[in-house]
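Asker: Using the sequences and the hints, build the whole thing.
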Amino acid sequence: MSRFVLAGLLATSLVACNGQVGDPPVPMPTQPGVGPGDPGAPPVVDPNAPTPVPIGTAENPLGRRVRRLTADQFHRSLQVATGQSWNDFERFAASLGRPDYAEVTEQGREVSMTFAKFVDDAARDTCRRAIDADRASGAPGVILQGALVGDREPAVLEENLRYLFLRFLGQALPPGDPSLEPFMRILTLRDSDRDLSDNEMRDRWWAVCVGLATHTDFLTY
Amino acid sequence: MTTFSRRDLMRGFLGGAAALSLGPAAHLMAQGAPQRRFVSLYFNGGWDVILGPDPRDPGRTYEALHTGTEYLAPEWQTPIPVTIGGQSTIIGPTMRSLVRHMDVFTLFRGVNMNTVAHPTGRAYVNTFQAPAGVVPRGDSLGTKMAAGTDPEAFVLPNMSIGMPTFNESLDPALTGTRIGRATQMRDLLVPRGRTLPAGVQALLDDARRAERSCVDARYDGALPLELTDGARARLTAAVERDLGAAFNLGNDPDLMARYGIVNANDGGDPAVVAATVARLFQTGLSTSVSAQLQGGLDDHGNEWATDQPRDLAEAFDALAVLLDELRADDPQLENTMVVCHSEFARTPRINGNRGRDHWFSNSILAFGGSLRRGVFGETVEESLGLLSIDPVSGRPSESGEVILPERIGATLLAAQGLDPYAFRTTPLDAWLA
Numbered sequence: 001m002s003r004f005v006l007a008g009l010l011a012t013s014l015v016a017c018n019g020q021v022g023d024p025p026v027p028m029p030t031q032p033g034v035g036p037g038d039p040g041a042p043p044v045v046d047p048n049a050p051t052p053v054p055i056g057t058a059e060n061p062l063g064r065r066v067r068r069l070t071a072d073q074f075h076r077s078l079q080v081a082t083g084q085s086w087n088d089f090e091r092f093a094a095s096l097g098r099p100d101y102a103e104v105t106e107q108g109r110e111v112s113m114t115f116a117k118f119v120d121d122a123a124r125d126t127c128r129r130a131i132d133a134d135r136a137s138g139a140p141g142v143i144l145q146g147a148l149v150g151d152r153e154p155a156v157l158e159e160n161l162r163y164l165f166l167r168f169l170g171q172a173l174p175p176g177d178p179s180l181e182p183f184m185r186i187l188t189l190r191d192s193d194r195d196l197s198d199n200e201m202r203d204r205w206w207a208v209c210v211g212l213a214t215h216t217d218f219l220t221y
Numbered sequence: 222m223t224t225f226s227r228r229d230l231m232r233g234f235l236g237g238a239a240a241l242s243l244g245p246a247a248h249l250m251a252q253g254a255p256q257r258r259f260v261s262l263y264f265n266g267g268w269d270v271i272l273g274p275d276p277r278d279p280g281r282t283y284e285a286l287h288t289g290t291e292y293l294a295p296e297w298q299t300p301i302p303v304t305i306g307g308q309s310t311i312i313g314p315t316m317r318s319l320v321r322h323m324d325v326f327t328l329f330r331g332v333n334m335n336t337v338a339h340p341t342g343r344a345y346v347n348t349f350q351a352p353a354g355v356v357p358r359g360d361s362l363g364t365k366m367a368a369g370t371d372p373e374a375f376v377l378p379n380m381s382i383g384m385p386t387f388n389e390s391l392d393p394a395l396t397g398t399r400i401g402r403a404t405q406m407r408d409l410l411v412p413r414g415r416t417l418p419a420g421v422q423a424l425l426d427d428a429r430r431a432e433r434s435c436v437d438a439r440y441d442g443a444l445p446l447e448l449t450d451g452a453r454a455r456l457t458a459a460v461e462r463d464l465g466a467a468f469n470l471g472n473d474p475d476l477m478a479r480y481g482i483v484n485a486n487d488g489g490d491p492a493v494v495a496a497t498v499a500r501l502f503q504t505g506l507s508t509s510v511s512a513q514l515q516g517g518l519d520d521h522g523n524e525w526a527t528d529q530p531r532d533l534a535e536a537f538d539a540l541a542v543l544l545d546e547l548r549a550d551d552p553q554l555e556n557t558m559v560v561c562h563s564e565f566a567r568t569p570r571i572n573g574n575r576g577r578d579h580w581f582s583n584s585i586l587a588f589g590g591s592l593r594r595g596v597f598g599e600t601v602e603e604s605l606g607l608l609s610i611d612p613v614s615g616r617p618s619e620s621g622e623v624i625l626p627e628r629i630g631a632t633l634l635a636a637q638g639l640d641p642y643a644f645r646t647t648p649l650d651a652w653l654a
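Those protein sequence lines, which keep their order, are chains A and B. According to my numbering, the first sequence holds residues 1 to 221 in order. According to my numbering, the second sequence holds residues 222 to 654 in order.
To be clear, the hints were calculated from the coordinates, so they are not data collected in a lab. Please note that a few of the clues may not be correct.
[To be verified] Which bits of chain A does chain B cover? Going by a derived footprint, with three or more residues having C-beta under 8 Å, they are: (1) 81–94; (2) 104–112; (3) 120–129; (4) 182–190.
Glycine included, each C-beta is placed from N, C-alpha and C at the ideal position.
Answerer: The following block contains the structure:
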């Protein structure tokens, strides 16, 4: 199979929500070698070139299987996303599936209740500290990058929410995308006419951060 | 794939919670006939069967076996005569507390582990299928056993404490939930650290219910969103029932006294492990529990004389109390099976450091289930070597066969009414009750 076709399929599989896993196959170029930067030129075949090692077909389900983050991947991803490290990680790493290479040699990747529990604990801890750090710094922060806890204007809230979707999930959503709505409800819903206090708004952003750090798309790839 | 039903889960959960409030003896009253239960208990490091399930007469000398009696404290020198399923035999002094459970005991002796390497043996007794090198093959025995019940009726149908759990071929709902130590049950059931205000948490829960994933229904594997939803539902149900206190063993002085627990925060104490296993059943959380009951048995040096009998006795004492609790609502363990194993045994000879090394001829202990009670198999009296065993009588026979763990695994599974196909061998039919 042409390298260009393989590269095209690989690129398709790496696009986040825009190229949904399970989409029908991308139409194949009719001419081998047709691709970006090589308009219509026939491939130059070197008869002395080594035969490529087969790496399997693009349809191979193993290569496209969705995987849960390993314990270490989750811990590091959370550090990158929130700027904070979960201090209890070493204590619960084995329960999150990290092998000890003595008795357990394989990465645990089950989406179990244990995983859900400790991921939630880690997200609550790091998200809260990230927001507290943002508030203390006064400058655009990690979570509160484009909004402050004093902001109530929906457009400002949504702008920061879109930034967080990009930061946590790698998803660049347009304004008004339906995926934003449940999180906008967290930020805007009130049970009375009373305005939310800044501390209440902090808790709302905290919940948004936890929701994204425990989002299925954050925990799988 | 199986979807998790909160209603089913609550049904099992409420029964368990009610039983817990009434104490173990009331479990039967609270739930009617008990659910099928399975316990797999692992002794890490390679146990000395001469001090436990396959002892010798300390008054005799043997051709290729050294009882080591002269190195042992008096309390560990003399085996105990018992009758198991009508057969007279002896068991090691470390098993003294188990004498009261001989009526539900099936002892397999002379099981060929085919290895003296820890990782290989661990993998073998995890699945009871020959591993590929050190890599386990097949599903954990506990996972197979959980397949015999409705996993949706339990929050944690297949629980594993301190040992890996595998599910290669069965329903994802049966995949084991693993914690590193028994004391982490509390951490699993109680939120750690600061929690969101209730109203905000409710908003977050709503957002999670509306969560979308990149991976949609056209994906031909298990959908990640369904898996996370299922895990969250189990977690929510567990947390809502507020069962964390049930695993705070230090708050139950009666339990502490029954098990002889000194420090409830010592997750490596066999008594804490055993009490946690019991609680998993009493709360209705689990139907199959696998746990490392004891560790540190790999005594190659002169610590063998003191540590090995002490550590074995600690574990067997804890096991005896666990069996007491399980028999409170299932006196003959008709719906309950408890299996104990180690990756291999220890050498019949004492080495130059006054310890024992690794030996392939092992024993497996089973309590309850639909098994014929008695002693199956035997080792060479003079050397703890392997013998061919007649699969019907369980006695040595030249026309018999050397028994492998697969054969025992198939028998255990068949005794629980399950298909032993995965073991690629037949059960010991004559030993099914």
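Asker: Does each hint fit the structure? Answer for all of them.
Answerer: Hint-by-hint comparison with the structure:
With 3 residues carrying a beta carbon less than 8 Å from a beta carbon of chain B, the segment 81–94 of chain A meets the three-residue requirement, and the given coverage holds. Three residues within the 8 Å Cβ limit are the bar, and the segment 104–112 of chain A against chain B gives 7, so the coverage statement holds. Counting residues of the segment 120–129 of chain A whose C-beta sits closer than 8 Å to any C-beta of chain B gives 5, which meets the bar of three, so the coverage hint holds. Counting residues of the segment 182–190 of chain A whose CB falls under 8 Å from any CB of chain B gives 5; the rule of at least 3 is met.
Hint compliance for this structure: no hint is broken.
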